[in-house]
Structures are given as structure tokens and as C-alpha cells.
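Peer 1: Take 1 as the starting number for the sequence shown in the numbering used here and just add one per residue.
Warning: the hint list may mix true and false statements.
Think about it this way: if two alpha-carbon atoms lie no more than 27 Å apart in a straight line, the pair counts; the simulated DSS-like pairs of lysine-lysine are [said to hold, decoys possible]:
1. Lys40 <-> Lys96
2. Lys180 <-> Lys224
3. Lys280 <-> Lys354
4. Lys33 <-> Lys96
5. Lys280 <-> Lys295
6. Lys323 <-> Lys362
7. Lys264 <-> Lys314
8. Lys232 <-> Lys354
Hint data in this document are derived by calculation from the structure and do not stem from the laboratory.
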Amino acid sequence: MEDIRVNLKKTEDKSYNIIIADGVLDQIPSKIKEAGLGHKFAIITDSNVETLYAGDLSEGFKKNNLENKIISFPAGEQNKSREIKAWIEDQMLESKFGRDSAVIALGGGVVGDIAGYVAASYTRGLPYVQIPTTLVACVDSSIGGKTAVDTPHGKNLIGAFHQPWAVFIDVNTLLTLSEKEIREGLAEVIKYGIISDSALFSFLEENMDLIFSYNKEALTHIIKRGCEIKAKVVEKDERESNLRKILNFGHTIGHAVENLSDYKISHGEAISIGMVAEGKLAVEMDLWKESDLNKLINLIKKAGLPTDIPDYMKAEQIIDAMKLDKKSRSGNIEMVLPNRIGYMTQVDGGYGIKIEEPIIEKVI
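Sequences and hints are given; from them, build the entire structure.
Peer 2: In C-alpha cells:
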């Protein structure tokens, strides 16, 4: 037997900057040109964002003598699919995008996820830039390199880890969002308060009116804290072997609820429902005080988000959906659970906790 080893030591620096500023959208083309990121750019966006920002961004690239093409797909979670990803790639192939190209993800979480996955796989990997335009994308999905598409079997089951070259957050883009879209993002910000930052949780309790008044200072504060928390977690655990699992609080039950609703319940709404349900599990297992759970419920209601699983969803349906979740292990349902506001429970040094089905049935 011959045994030949291929030594591939990690030498690539995948670090990147998150830039948060008013008006940074106009500066992106020149910053990209200065960095020499690529010679041709696929601006991937959706039908909602295209009319707001894609044209101006494309013109900015042209003024900097950077060839680009806007590739827009219909907005909506239902279009975060393998079919749309293939269609985008075909558009790029027909336009002769090569390995000296780069991808610009301009939009919310759906755009960022699918554009990032295109970048991860097209010609075996292109650099890409995240330009999130929703609160949920600013504080969560644009950071950390998780890219994916959904399938009929569940959310984000097909994808890759692929870190962006940079993230540019223009707070002005949030001023065009509806209150519903602000609520969507607040679900993730509330999550950060529970898993890592009691001061952020208190800020949300005290300043919800400012946030819904589109106060730039308040919005910038929650975006900055959300980015800082997620960045710190990702730095320590890029591939979700342990610590990064805490970012999944509310997402195990939440994704099941979202999927079972056929995405009629939005991501933020589902995560809010999931956080309450998983919080109830933590109380049932004597890991968390009921008074802290009540604080969470009150804050979620203050944000105008739902707290209860719809009556038409049965416990066995939710359990079956959770077993298909990418976070499950050997068919066992695993969750991360809080033990006080700002801290998550650890068992034997790990954050993932196996949850028995009878306990889930009792609580939900």
C-alpha cells in the first residue's frame, strides 16, 4: 500500500471589515476599485431592492470604469431556492463572468444568502461583498459567512461557509423599511440581548419608541452591538462546532414554525415564537427563571412580534420538522437554552443540549 499525504496548512486570512456609516453606499464602488477586488461585478439583488438602490450602485461602478451587471430575482423567501441560484449562475455564465469577477449582494437576508452561495460555488469561489438593506441582514445574516438555499425539506439545508470580503451597512437604507421589516430585525437583536448582552436587552426595553421612530442614533447602536456580538462569536467558532451554536437560540423551533407555515409566517416572527417556546423549555428544565422568560415575552410583545405557536401546528409536526433541521444530531433534537439574560447554558463545556421529545410535547 502506498500512502501519500497532501499537506494543506491554512494560510488564508479571511478577516474582513464591517463598515457602518451614513451614505457609505455611494462610496462602495471607489473602495472596491482601490482594493482591486475584481474586473467584473455581478450585482445580485431582488425586485424590491432593485428599484431603490441597484441602478445608482451600477452607475457608481460604471463611473469607476468597473463593468457590472444587475441580476434581479423576484423578492420573497420562497425564491431562496436551488432553481433561482441556478438561474443566477446561468445569467453570469451567459454574460461571461470569469474567475476575475466578484459578486455584490445587495438586499436583505434572502439576497445575501443566495448571492453568497453563488459566490461560494461559481468557478469554485469568487469574492463577494455584502450590502445589507434590512435590519435583520445588517445584524445577522450578512455576517459570518453562512450561505444557503432552502428546500421543501427545510431552511438552509444546502449551502456553504464563505466569508465576505467586506460588509457595508448604510443606515440610510433602513429609513425606507416598513415597521414590519424593523420588527423582523428586532427579533434577532432581542436574541443577542438574551444570549450575550443584558445591557442591550435593557436598551431595547427602554428605547423601543426611538427605534420605531427611525432614530438613526438608536438604529446605529443596535446594529453596532449586534455586529460586535456576532463578530466575536464567529471569530472564536467560524464553523459552529460549539460557541456559534448560541446564535441559534429560537431558531430550532422557529425554523420549524416558519417551514410549517409555508413561509406565511416571516423569519422574524418565527424566531420570536421560537425564542418564547425554547425559553419555556429552559424554564421547564429548571435552567432559567420564569421571571426572565416573562421579561422576554414582554419585550417581544413590545416589539409587536408574536409569542405563540399557531393552534393549527401540532407538536408532532413541529418535532418532525426539527428532526430535519441541520442542527439535529443522529435524529436527536438539539437546542441552546438560556440560564439568565445575557448568558447561555453550558453542559460539560458545550452549548448544544439534547432535548427529549416528551418535554417538547409538554411545552408546545
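Peer 1: For the pair supplied as a hint, Lys232 and Lys354, confirm whether the alpha-carbon distance does not exceed 27 Å.
Peer 2: Cα-Cα ~25 Å, so holds.
Peer 1: Next pair to validate is Lys280 with Lys354; report whether the Cα-Cα distance is within 27 Å.
Peer 2: 15 Å, holds
Peer 1: Does the structure keep Lys264 and Lys314 at a Cα separation of 27 Å or less?
Peer 2: This hinted pair holds, its Cα atoms lying about 17 Å apart.
Peer 1: Against the 27 Å threshold, does the CA-CA distance of Lys323 and Lys362 hold or violate the hint?
Peer 2: 17 Å, holds
Peer 1: Need the status of pair Lys280, Lys295: alpha-carbon distance at most 27 Å?
Peer 2: Holds, at about 12 Å.
Peer 1: Is it true that the CA of Lys40 sits at most 27 Å from the CA of Lys96?
Peer 2: 10 Å, holds
Peer 1: Would you check the hint for Lys180 and Lys224, treating anything up to 27 Å between C-alpha atoms as holding?
Peer 2: Roughly 21 Å between the alpha carbons, so the hint for Lys180 and Lys224 holds.
Peer 1: Is Lys33 within 27 Å of Lys96, Cα to Cα?
Peer 2: 20 Å, holds
The structure agrees with every numbered hint stated previously.
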